[in-house]
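Colleague: Following the hints, complete the assembly by docking chain B onto the known chain A.
Chain by chain, the residues run as shown.
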Amino acid sequence: MATKLKPVDIVIVGLGWTGGIMAKELADTGLRIVALERGIQRDTDPDFVSVTKDDEVRYVRRNELMQDVTKETITFRNNTSQTALPMRRLGSFLPGDGVGGAGVHWAGITWRWMEWDHEAYTRTVDRYGKSIIPADMQLQDWGVTYAELEPYYEKFEMLCGTSGKAGNLNGKIVEGGNPFEGLRKSEYPTEPLVRTQANLLFEKAARERGLHPFPQPSSTASQPYTNPDGIDFGQCHYCGFCEQFGCEANAKASPHFTVIPLAKKNPNFELRTRSRVLKINLDSTGKKAVSVTYLDARGNEIEQPADLIILSAYQLSNVHLMLLSGIGQPYDPATGQGVVGRGYTYTNSGGATLYFDENTHMNPFMATGGTSSVCDDFNGDVYDFAELGFIGGHQLSAGHQGARPIGYHPTPKGTPKWGSEWKAAVARSYNHTMGIGGSGAVMAYKQNYLDLDPTYKDAFGRPLLRMTFDYTENEYKMSNHAADVAVEMAKTLNPKSFTRNTKSGPYSIVPYQSTHNMGGALMGTDRSTSALNQYLQSWDVPNVFVLGATSFSHNSGKNPTGPVGALALWAADAVKNRYLKNPGPLAPS
Amino acid sequence: MSKRNDDECAVDRRNFLKVIGVASVSTTIPGVAIAAETTAMGHGHAAPALGSRPGYVFLNLDEGGFIEAAIDVLIPSDSTGPGAVESGVVIYIDRQLGGAYGSGARLYLQGPFQEGEPEQGYQLPFTPAELIKAGIADVDAYALEKHQKNFAALSLGDRDAILKELDEGKATLATVPAKIFFGHLWSLTQEGYFGDPIHGGNTDKAVWKMIGFPGVGNIYTDAILEYRNKPYPVEPQSIQDFS
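Heads up: the protein sequence lines correspond to chains A and B, in order.
The first sequence begins at 1 in the numbering used here and counts up one residue at a time.
The second sequence begins at 590 in the numbering used here and counts up one residue at a time.
So that you can see chain A by itself, here it is in the shape it has in the complex (with noise of 0.2 Å):
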């Protein structure tokens, strides 16, 4: 029987950068908020600046900073014709846990989404007609535009201290900066980080194609950096143990010593760890919460009620939660009807590795995990959809991100898989090779989606999350587009030899790819195409609001946490000047 608290008047589920960002940004409310965070309390100091951290066996192969399967995971398949099974251990995708989520180890790459991507729907219709849209996938636009979440991607780069250059200040295009992108009101809070080779050979490929290369946005602080909030940053000492890793120096924005720190400093805040929220609770009607029921770090049964809740944990347990709690009407791929669910999405590649003789040094040991050129010549809308054949494009970039060996000893087409020959071959191209990688939208199709497992179940006695996901004709096409650009840039460069990636088969859940789940709660205008509302407020449940890529309607070819952030900050606006002083929809339905 669970132990009934006294209400709160909100209620955060999840604390990494969205559940972070809500809480900040409500401290001077007054009102009395209780943060439920399922993992621990982890800090710069001590837990990153030791040496220990710096450990790949511990952090990238055992997954400390990650979700534990033994008990919480999903269950998947490609198609509805197979049986989903359990994802026994992590690979494809690394969700965090902890305090700061996947904050501490992301890479630390901070994009502003093209304008494109938040008006898929119309502005390719408006361009192509509706025949280009092909009959399985979903497009649809976010009911907020760029030009409506610009001054929130302004905040949450100044928040971060993103390193970067302005390719379109004021409208007026900057050399160096990347010229599709919408237009940015202020240049970024610090310099791009410095060039590798990687980055300058990527950069002179590029320009000899008549590419438009610039350096990649990432928020790690390229020099010592204090934003508006008086939290400061050291600079990035590009040690190449960033990504999947906390950073020793404050240098990688994360909400663990940004914007947490100042929601602790509300006397009306509380954090509890180790509490894991099995269900949001709704009164009779099924369209107020009124609690959440969550256990604590002895496992005792706890019912917290509150007044609004926030759902900010990661995209998958998001939709976990809104399916267990009957948030929304499930998606169901055989009639189309249903939002909760609906429109799952995944990364996408394509591209080559180059292996240079041992004149040219990449030293891709030193490296963050954004220090990578890139270009956007076909990504967005940039190119001609019916001309290449494929939607959503892809950002071609290069770089290292720190090469710590056991994941990282690339070998030429044709070296054996093991033995001596293997060895020399590892030994030879360690410090002399580069990719060339096409990162690549996903766009939502009706046949992928999310629901709950009819077999399998959590260490709580839940149902697992099931997914159902495979890539499409248009996701192939753009894979191989990828690595066609990708080899022309290669073969500009001379090197020895080149290998030319791309996808094939089915999308597969075990090597890693990109931690970039996105979908399950779009948003949208129409609640019958979305659970949330272009504030992130559920439709059917008012008083939730749903933060994270949940609420992408497909994945973009860009990394997602800028969005992510910009519409923490936009949903926390809504709420404080809008929902607070007369709680009820924000949107008309």
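It is possible that some hints are incorrect.
What the simulated footprint calls covered on chain B by chain A, stretch by stretch (three residues with Cβ under 8 Å from a Cβ of chain A suffice, anywhere in the stretch; the number is not a length) [stated by the list, open to error]: (1) 664-677; (2) 736-744; (3) 783-790; (4) 808-821.
In silico BS3-like cross-links for lysine-lysine, where the CA-CA straight-line distance does not exceed 30 Å [claimed, not checked]: (5) Lys457(A) - Lys71(A); (6) Lys496(A) - Lys798(B); (7) Lys798(B) - Lys753(B); (8) Lys735(B) - Lys417(A); (9) Lys71(A) - Lys722(B); (10) Lys496(A) - Lys753(B); (11) Lys819(B) - Lys204(A); (12) Lys417(A) - Lys738(B); (13) Lys768(B) - Lys71(A); (14) Lys6(A) - Lys265(A); (15) Lys413(A) - Lys798(B); (16) Lys457(A) - Lys768(B); (17) Lys417(A) - Lys722(B); (18) Lys738(B) - Lys457(A).
Sample of chain A residues facing chain B (criterion: CB under 8 Å; computed from the structure) [to be verified]: (19) Val51; (20) Val69; (21) Thr70; (22) Thr196; (23) Gln197; (24) Tyr238; (25) Glu301; (26) His361; (27) Ile406; (28) His409; (29) Lys417; (30) Asn431; (31) Ser508; (32) Ile509; (33) Val510.
Since the hints were derived computationally from the structure, they do not count as laboratory data.
The structure presented is a predicted model; accordingly, all values stated were derived computationally and were not measured.
Glycine included, C-beta positions come from ideal geometry on N, C-alpha and C.
Modeller: Leaving out everything else, chain B in the frame of chain A:
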């Protein structure tokens, strides 16, 4: 010991250990055994770091011998750099199997179990420790049937051929799928070989020296520009060097 009676080449491990008088991890591989003996007698290279001090916490001696015989094929000692055996990889694997990873930490083991598509990932009820133990017994049985010898007693060429059959899924084993067993063994071997010596492998950071990886605890804020497209010849540091 009876399994080895017909194998003239194999060193009798237990008698060997008695002779040298230490609980040393050695090998059934001629040649490598000599190198190990030299080390044990104090004539080898620098004393092994704490994590690589000989002695198993999980493997029995036959299993240790099997793993040494396999990883000596996968990553042999040669003029390029150290082999997996001299890098302490068997100690790494022993420690991993005897620890949290081996007993199934972060591995969801609730049933029901059924074979899925490769894209659905690992679907067996074995912990990694159980998988490796069962796989070793399976491969030994396979080698006995094929060559009338334990795997560890086979020539390098025969061991290499069997490992290829495992990797390609061509060998049918009694208990565990060949490809999955090999995948785990190869993965652990690479972890021990390329990982930080704190975990027992990569002795003397020799693998990091071989590839030119400077190790951990580095601040490259100035070096990243200063050494761009230049060699960066530094002595690598491991977590142990800061301990």
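Colleague: All hints are to be evaluated individually against the structure, with a verdict given for each.
Modeller: For each hint, the structure was consulted:
1. Residues of the segment 664-677 of chain B with a Cβ under 8 Å from some Cβ of chain A number 5, which satisfies the need for three, so the listed coverage holds.
2. Requiring three or more residues with a Cβ within less than 8 Å of a Cβ of chain A, the coverage given for the segment 736-744 of chain B is violated, as only 0 such residues are present.
3. Requiring three or more residues with a Cβ within less than 8 Å of a Cβ of chain A, the coverage given for the segment 783-790 of chain B holds, as 5 such residues are present.
4. Given as covered by chain A, the segment 808-821 of chain B passes the check, having 12 residues with a CB less than 8 Å from a CB of that chain where 3 are the minimum.
5. Of the pairs offered as hints, the one joining Lys457(A) and Lys71(A) holds, with about 9 Å between alpha carbons and a cut-off of 30 Å not exceeded.
6. As the CA atoms of Lys496(A) and Lys798(B) are separated by approximately 24 Å, the hinted pair is consistent with the 30 Å bound.
7. Proposed proximity of Lys798(B) and Lys753(B) is supported: the alpha carbons are some 29 Å apart, at most 30 Å.
8. Distance restraint check for Lys735(B) and Lys417(A): the Cα-Cα separation of roughly 24 Å lies within the 30 Å cut-off, and the hinted pair is therefore satisfied.
9. Proposed proximity of Lys71(A) and Lys722(B) is supported: the alpha carbons are some 26 Å apart, at most 30 Å.
10. Of the pairs offered as hints, the one joining Lys496(A) and Lys753(B) holds, with about 28 Å between alpha carbons and a cut-off of 30 Å not exceeded.
11. Taking the CA atoms of Lys819(B) and Lys204(A), the gap is about 18 Å. The hint holds against a cut of 30 Å.
12. The suggested pairing of Lys417(A) with Lys738(B) holds, with an alpha-carbon distance near 25 Å, which does not exceed 30 Å.
13. For the hint pairing Lys768(B) with Lys71(A), the CA-to-CA distance comes to about 28 Å; that is within 30 Å, so the pair holds.
14. With a C-alpha separation of about 22 Å, the suggested pairing of Lys6(A) with Lys265(A) holds against the 30 Å cut-off.
15. With a C-alpha separation of about 24 Å, the suggested pair Lys413(A) and Lys798(B) falls inside the 30 Å cut-off, and the hint holds.
16. This hinted pair checks out: Lys457(A) and Lys768(B) have alpha carbons roughly 28 Å apart, not beyond 30 Å.
17. The suggested pairing of Lys417(A) with Lys722(B) holds, with an alpha-carbon distance near 24 Å, which does not exceed 30 Å.
18. A hinted pair counts as satisfied when its Cα atoms are at most 30 Å apart, and Lys738(B) with Lys457(A) does not qualify at roughly 45 Å.
19. Using the Cβ-Cβ criterion of 8 Å, the hint placing Val51(A) at the interface with chain B is satisfied: the shortest such distance is roughly 4 Å.
20. For Val69(A), the interface hint holds, the least distance from its beta-carbon to any beta-carbon of chain B being 5 Å, beneath 8 Å.
21. Interface hint status for Thr70(A): upheld, as the beta-carbon distance to the closest one in chain B is roughly 6 Å, under 8 Å.
22. Proximity of Thr196(A) to chain B holds as hinted, the smallest CB-CB distance being about 7 Å (cut-off 8 Å).
23. A cut of 8 Å between beta carbons decides the hint on Gln197(A): the least distance to chain B is about 5 Å, and the hint holds.
24. Residue-level restraint check for Tyr238(A) holds (minimum Cβ-Cβ distance to chain B is 4 Å; threshold 8 Å).
25. Interface hint status for Glu301(A): violated, as the beta-carbon distance to the closest one in chain B is roughly 21 Å, over 8 Å.
26. A hinted interface residue such as His361(A) counts as satisfied when its beta carbon comes closer than 8 Å to some beta carbon of chain B; here the least separation is about 5 Å, so the hint holds.
27. A distance limit of 8 Å between C-beta atoms decides the matter here; for Ile406(A) the minimum to chain B is near 4 Å, and the interface restraint holds.
28. For His409(A), the suggested interface contact is upheld, since its CB lies about 7 Å from the closest CB of chain B, less than 8 Å.
29. Of the supplied interface hints, the one on Lys417(A) holds, with its beta-carbon coming within about 7 Å of a beta-carbon of chain B, less than 8 Å.
30. With 8 Å as the threshold, the beta carbon of Asn431(A) comes within range of chain B, its nearest partner Cβ sitting at about 5 Å, so the hint holds.
31. Below 8 Å, beta-carbon pairs count as interface contacts, and Ser508(A) has one with chain B at about 4 Å; its hint therefore holds.
32. For Ile509(A), the interface hint holds, the least distance from its beta-carbon to any beta-carbon of chain B being 5 Å, beneath 8 Å.
33. Contact between Val510(A) and chain B, as hinted, is supported at the beta carbon level, the nearest pair being about 5 Å apart and thus within 8 Å.
Hints 2, 18, 25, counting from the list given before, are not met by this structure.
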